[in-house]
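Peer 1: Fit chain B to the given chain A structure using the hints.
Here's the letter readout for the chains.
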Amino acid sequence: MSYNFNISPEVISMVKQIALTLILGYAIIQVLVILFKRVFFKKVSPQSKMLITKGIIYTGVVIIVFTIINILELKNVFHTMLGAAGVLGIILGIASQTSIGNIVSGLFLISEKPFEIGDLIRVGEKQGVVYAIDLLSIKLRTLDNLLIRIPNQTIISTEVVNITKFPIRRMDITIGVAYKEDLKKVTEVLRSIAKKNPLCLDEPEPLVLSNTFNTSSIDFIFGVWFEKTNYLQVRNSIFQQITERFKEEGIEIPFPHISLYSGEATKPFPVTNEDRQ
Amino acid sequence: MWSKISIEQENTYYWKLGLKEIYLQKRNQEWLFSLKDLPELAKDIICGEPTSPLNDAEWLTFIGDSGNTLQPLPAFPDRPIVVKPKTALKVLPNKDVLLFIEIPLYIQFYSETGKNENLIFECCSQELSSTWFGELDDGTLAYSLPLEISTAFEKSKHASHTIICPVRLTNDSITTLDVQRFLLRGEYLTIYRHEKDLWSNEVKIKFKGESEFSDVQYVNQAPSFVKKPVQIATPRSSKSTNVFSKSFHFFKSLTE
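Same order as they appear, the protein sequences are chains A and B.
Take the first sequence: its position 257, counting from 1, is numbered 257 in this note's numbering, and each next residue is one higher.
Take the second sequence: its position 60, counting from 1, is numbered 60 in this note's numbering, and each next residue is one higher.
This is chain B alone, in the form it adopts within the complex:
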């Protein structure tokens, strides 16, 4: 799925992932992409020739590349993600918990190699609704991701079009931490492949109390529990691995 493809002129290529179908053609120096929405989530990622003819396609055209090699790569969404646990998540004082967050991937198409300057087109595998994280006059535009959060990775339940991001939450305060939502900056995360699964490096979030800034650390290597990981994509933007930011918002302390 994530290896280079040699593209033949006028042939139609096809990808199916998440809630999207992507069609591709190469005509002379033009890359043509067409997108369709699926009524329900695709179980697996499919890559190959289209099963049905594409009628009335609206093509997005990218002109000026004479190459015939295409490199599809997974990527994190182009905005930060606000993770909202669907069920109450409470971390006891001085305890930590490892969460597995599944984030719907973006697929990027590069000409020749996966260098930034070779990016032709990218699209999401599942539309996420927009949200605002922070104060009304100063915050971040992000995507909202309501999730059933699990503390154990279950392969059978894992959606094929997602990247698993291990998040270690440490409650370093003296009160119980009621996690209503937290911000994940996918742009700083690397993507690794293990068999068919995609993993990101671990994110460590340390909560020190409501009045203090949380310490967010992006560990610069694949999670230790993933055996023989292969790095397949670099972060969208490079930044120091240790980012101090107020990642938590509106926490409720249960005990005073």
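One chain only, chain A, in its complex shape:
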């Protein structure tokens, strides 16, 4: 059994042109992206890099598609398709409602710029570094190196906290001290801890606030300002220094405890032995 394929020279020429368009188009897009990255590598922020790279790729793909339509001489088909676009649009719209919502939300996110690539953000209970802002979703790399994909629509309708937007941050630590302690002394010790820590900033001044009378302690809020990149070092060193200095100064950090009295605070709780036979 033999098959005889008769492919006309026009078809072969068309296939060749399409292949050439695809290869050349792909190569040109890649070259443009590489050139852009090399020339503007240091000058442009990661966010702008991503936006411009995607702009180049999407524009390139659209040009390739239109060139192929032109080669295939599908202008008439294309015009018919445009005529049917209204109907098609409704069908596509219903079918891809969520995706279109995500794309539109993505455009709002890019224009509003609540965060950029590399920012540490918190969305609901999830926290991570913005890894990519794509057409349909943003991707976060969590601090334990997991990837979280959050649809753009969710981001638009949820409260987003950008932790690293500004160059400096304040770390608030709640510290409980025993009721017997001299609050003035505690305030002074906390201030001197902040002053002696080289990672804490002199200005803005550290916050020392006597906050609440708790069940077993008087709670202070101790807030130190630091450069946003030093979070871990500051947290570790401040905790260590607080425990060390409190031990040196004899300041007690109490644990929760309950005192039981049998009516008079000054007398011990009465205990009697009962002989049971």
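FYI, nobody ran anything at the bench for these hints, they're computed from the structure.
Be careful, since some hints might not be right.
[Unchecked claim] Taking lysine to aspartate or glutamate and the EDC-like style, the derived pairs with C-alpha atoms no more than 20 Å apart in a straight line are:
id, chain 1, residue 1, chain 2, residue 2
1, B, K43, B, E127
2, A, K195, B, E127
3, A, K139, A, E112
4, B, K84, A, D202
5, B, K90, B, D172
6, A, K165, B, E135
7, A, K185, A, E249
8, A, K228, B, D172
9, A, K165, A, D219
10, A, K195, B, E40
Peer 2: Quick look at chain B alone, frame taken from chain A:
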């Protein structure tokens, strides 16, 4: 102190300045540095062989240089300095005052010559605490320098590990200027040597009123009152000598 040194392999070299002790060794193509903190300020800068053996040293290693010539040079800190007068400093309207600010130096070690690309290592002579100058969302990370500011240079009180920066403050406004703090950008300053002292070029700050930008000018030559100055270090970064910036922050006008 600030001249080239020919380094012999395996020998230990020693510097003592401010609150730091620096040890150096050369092993084949490696430069090794070790730092120690001093309990109190050293009176003079000492350069030579270590007086006591260095035990349990933690060495910082810089590999890839086969040269044996070392050029130590002084430098300004790697961040701007926020100068905070310890005692109230008030400048009357339409008057100016010359202040002598002593800034703890950084020591830089270059291989062969003091070109940027030859820098091996640098360290401060005294740790300065960090501070923020400006608004919370837009400002500059700087070092804080609380100082007793003097309007006359007293050689006897001058700390050996500091660079003296003459700052001319001009109050061009109609109110008394209460100086709480001001920013000095050491990166634009050249360093000159006169005998054992280190001087920088003069900085002129003109205050024109709270609502206007202050005019900060870095004069491009050694102070006129320093005789026969020798330039020993260039600025960390080159920038125009006339920088308009809001150098003052939180001024209080005493009179309205």
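Peer 1: For every hint, state whether the structure bears it out.
Peer 2: Results of checking the hints against the structure:
1. K43/B - E127/B: holds (17 Å)
2. K195/A - E127/B: holds (13 Å)
3. K139/A - E112/A: holds (17 Å)
4. K84/B - D202/A: The given pair, whose Cα atoms are some 11 Å apart, holds under the 20 Å limit.
5. K90/B - D172/B: holds (13 Å)
6. K165/A - E135/B: holds (14 Å)
7. K185/A - E249/A: At roughly 9 Å apart (the allowed maximum being 20 Å), E249/A and K185/A satisfy the hint.
8. K228/A - D172/B: violated (38 Å)
9. K165/A - D219/A: violated (29 Å)
10. K195/A - E40/B: This hinted pair holds, its Cα atoms lying about 18 Å apart.
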